Amino acid sequence: GAVVSQHPSWVICKSGTSVKIECRSLDFQATTMFWYRQFPKQSLMLMATSNEGSKATYEQGVEKDKFLINHASLTLSTLTVTSAHPEDSSFYICSINSPGTGGETQYFGPGTRLLVL
Amino acid sequence: LAKTTQPISMDSYEGQEVNITCSHNNIATNDYITWYQQFPSQGPRFIIQGYKTKVTNEVASLFIPADRKSSTLSLPRVSLSDTAVYYCLGNSSASKIIFGSGTRLSIRP
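So the sequences go chain by chain: X and G. Counted the way our numbering counts, the first sequence spans residues 1 to 117. Counted the way our numbering counts, the second sequence spans residues 118 to 226.
For the record, the hints were derived by calculation from the structure and aren't laboratory data. Since we're looking at a predicted model, the values are computed, not measured. One thing to keep in mind: the hints can contain errors.
[Claimed, not checked] Here are the computed lysine-lysine pairs in the BS3-like style, where the Cα-Cα straight-line distance is at most 27 Å: (1) G:K169 - X:K41; (2) G:K120 - X:K64; (3) G:K120 - G:K186; (4) X:K55 - X:K20; (5) G:K120 - G:K169; (6) X:K64 - G:K213; (7) G:K120 - X:K41; (8) X:K41 - X:K66; (9) X:K66 - X:K55; (10) X:K66 - G:K213; (11) X:K64 - X:K41; (12) X:K66 - X:K20; (13) X:K20 - G:K213; (14) G:K186 - G:K169; (15) G:K213 - G:K171; (16) X:K20 - X:K41; (17) G:K186 - X:K55; (18) G:K186 - G:K213.
[To be verified] If you want a taste of the chain X side facing chain G, the calculated C-beta under 8 Å gives, among others: (19) F28; (20) L46; (21) I93.
The beta-carbon is built from N, C-alpha and C at its ideal position, and this holds for glycine as well.
Could you put together the complete structure from these sequences and hints?
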């Protein structure tokens, strides 16, 4: 399957600062990437769909001005949490769609743990 | 989008076979059924995928009845390291994935 990396793996920042998280597809050119957020003991929640060369599509309730997504190339998407607050502390995971053994399969990055103090 | 329903949690013992069933009543014709495993503080890991009947790989088996309204993930001879959350999902190339609650599997010695 496709290999997805994220950087950083964890980050601690002060309230009010901005944090950028990178998602890279290492062996597949991904026109679409997905960003999820996961709170402790909860399931993954889809935040947005990142489209190469065009604007991201955000899920209902996700502020596009707070969570800036840039998909500048077929192998890189970035998520910037602007003016982060403690309630933004979460586990952020990206994924890509890639041909699998049968149909399209999503492959996930290792995740980025964000802690806002 | 295929909405899925799974048991919230399951317990078993090392060496046992574990079967986790997922209900997906409104799965679309072109949706594949995919199962993922997630350990704490890690991204979900692909386990197995199928469309109908039975699929087997080195890790698990997936059973899908003819009506495709449910699927069962079978883990043979589980070990402590199989303790994780397991998600079943219906997806196609045209659809985004919406995660359900998943099944928290706990394996005891």
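Honestly, which of those hints from before does the structure not fit? Hint check: 1, 17 and 19 fail, others pass.
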